[in-house]
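**Student:** Protein chains in written order, with this note's numbering: chain E, 48 to 531; chain X, 165 to 205.
One or more of the hints may lead you astray.
[To be verified] Derived CB-CB ranges, DEER-like:
1) E:A202 / X:F204: 54 to 64 angstroms
2) E:Q512 / X:F166: 14 to 24 angstroms
3) X:R190 / E:L507: 19 to 29 angstroms
4) X:I197 / E:I180: 53 to 63 angstroms
Hints listed in this document are in silico derivations from the structure and should not be mistaken for laboratory results. We put the CB at the ideal spot given by N, CA and C, even for glycine.
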Amino acid sequence: MSANPVVKQYAYLLVHTSDFVRYGSKPIREIPKSQELGPAITAHLRNFAQVVAYPPNQVFIGNLHPEDLAAWPEPWWQHPVEQASPVGKYGEIVDQETFYGYLKAADGFDLVYLTPGFTARVRERLQGHHLSIPEDMDNLGPGVEMDKIKHAIEAEGSLPLFHQDELIGSFQRHHDEDASLSAHVLMENLMTKASGAMVVRLLLERAGMTPEQGRYLISCSEEAVGDRYNRGGGSMAKAVGDMCRMVNSTGADTKAFCAGPIYALVHGGGLVKAEVFENLVVFGGGCLAKLGMKYSGHLKHDMPILEDVLGGIAFLLTPDDGVSPVLRLDAVGLHTVGAGSSQQEILKTLAVIPLEKLGLGLTTVDKISTELHNPEVTVPQGSGNVPLNNYKLLAALAIMRGEIKREELNEFIATRGMPGFSPTQGHVPAAVPYLGHAAEAMAQGRMNTALLMAKGSLFLGRMSQLSDGMSVLLERNPARKAGS
Amino acid sequence: MFEGKYVVALGERDGVPGPVIAEVLRAAGANVIAMVTECFV
C-alpha cells in the first residue's frame, strides 16, 4: 500500500443568484401566502458589488483569512471590504448574468429558455470568460421568443426566470406527471451541475491540468437527480465530467448530508491510496433549496437577505507529491452506528479519538475546522452560531479531559477555532472551506495540522434517528518539514 | 416526575438531539409519543 494521498489543489466558487432566492425551498412555499412577501424579499436583495465586498465572501475565496474576519467590525454586512475583487487566491465570485450563460450551457434537454436579447448578453459574458469552452457557445443557441416563453409559463408548468427582476426566460419541466422532472426540481439539479462544472473547471485551471488528464470524479453535492423510478439515482459527478469534457474520467456521487465532503475526501483518498486512480476530483455544486432559507430573520432585522449565493467547492487528490498537504487516512474520525447521538459522544468520535491515534490532543492540533456556517446568516433567524457552539463543546471536552483549565475556554476557541464564513449551502460549510487556508498556511510553514470535521443530519430523511459525522486530519507534508 | 405525562421531543442537530431528549424523559417516566430532530441552518 502506498503512502497517504495529498490534496494537490483546491478551488472555491460563489455565484450571485439573487433572482433565484424566490425559488429557494422556503421562499417558494411562503411567497404565495402573502402579497407583501415577494416585494419585501426583492427590496432586501443585494447587488453583485455588495456580494463581492461582503467580508465572509472574501474569506471564502481566499482574499482575507478567518483571523481577519475575527477582528473585522460587525455587523459584517455594514462593513464591506474596500476595493474588493471577485477574484481571490483560491476562488472566484461570479455574477448572475454570467451564470445564466453557464446554466444554459449545462442544458442538454431544452430546459432553459432565454430570450434572444438576453442570450446575446450572456454570450458576450461567456466569450473570453476563462472558464468557458467552445461547446458552451454552441449550447447557448439563438434564444427563444418571449411569446413562447410566456406561453410555457402560463400553460406548460414552466417557471419564469428573472434577471434584476426582469423576465428574461423560463425553466421547463420535462414530464407533466413526474414530480422528479418538474421545472423546480430540474432547476435545482441544473444549477448544481452548472456551478459544479464551473468550480471543477476552475480547479483544473488552477492545477494546470487538461480535462483529458482527469480520471475520476466524486460529487458530494446536495441534490437528487433522477426520474420517478430512481429519485436520487445520480450521477451528478459524471454529468459535470461531461460538461467539463473530462473524456477519460468517470465518476459517481457520495451523499452524506452536510458531512458529504468529508466522506467524499475519505472515499476519494482511499481510491487514490489504493492506486485505483492516479488522480481524483471531489466537488460540490451549489444548492438552490438553501437560497433565502432564513429570509424571515433577515427581514425582521431589516438586513439584506444574505443567502443569495450558490457555493462551489472542488479538491484534487493525488498520490503524495512531497509538497501538498497530506490526508491522514489513518486518522479518520468515525461516528459509528453505535456511538449515540449526544454531542459529547459525537465530538469524541470525530475529534478526540482520531487525534489520539496520532498522539495528538485537542490542544496540540493547530486548528479544528468544524462546519463553518456564517453566523450573520443564522443568528438573526434564531438558529445560533454553529461554529462557535461547536468550539464551545470542544472546549468543554478539553476541560473535562484536563487538557485546558476552565478559564482557558475562550483562548482555546480563539486559538483552535475560527469564525464561520461559509454560505449556508448545506454541504459547502462542512469544514472544507478552511482547507485552502490551511494548505496555504502549511505551505508557508505556519501550520502543521488541521482537523476537518463535519456533522450530517441523517435524521432529516426520516430513515433513521441517528446523527452522523466524519473527520479527517490534514497534515503539512512531512517532506516539506524536512526540506523547507 | 414525568409519570403519566405525554411528551413530544423536538431536538436540534447542534444542540440536544431528539433521541437524547426522549431517553432522558422516558427514564423520568414520560410517555414519548413523538420524537424528531431538525436542522435549522
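**Student:** The structure should be examined with respect to each hint, and the outcome stated for every one.
**Tutor:** Structure-based check of each hint:
Checked against the hint of 54 to 64 angstroms, the C-beta distance between E:A202 and X:F204 comes to roughly 38 angstroms, which is inconsistent with it. In this structure the hint that E:Q512 and X:F166 lie 14 to 24 angstroms apart at CB holds, the actual value being about 20 angstroms. Checked against the hint of 19 to 29 angstroms, the pair X:R190 and E:L507 passes, with Cβ atoms roughly 23 angstroms apart. For the hinted restraint 53 to 63 angstroms between X:I197 and E:I180, the CB-CB distance of approximately 57 angstroms keeps it satisfied.
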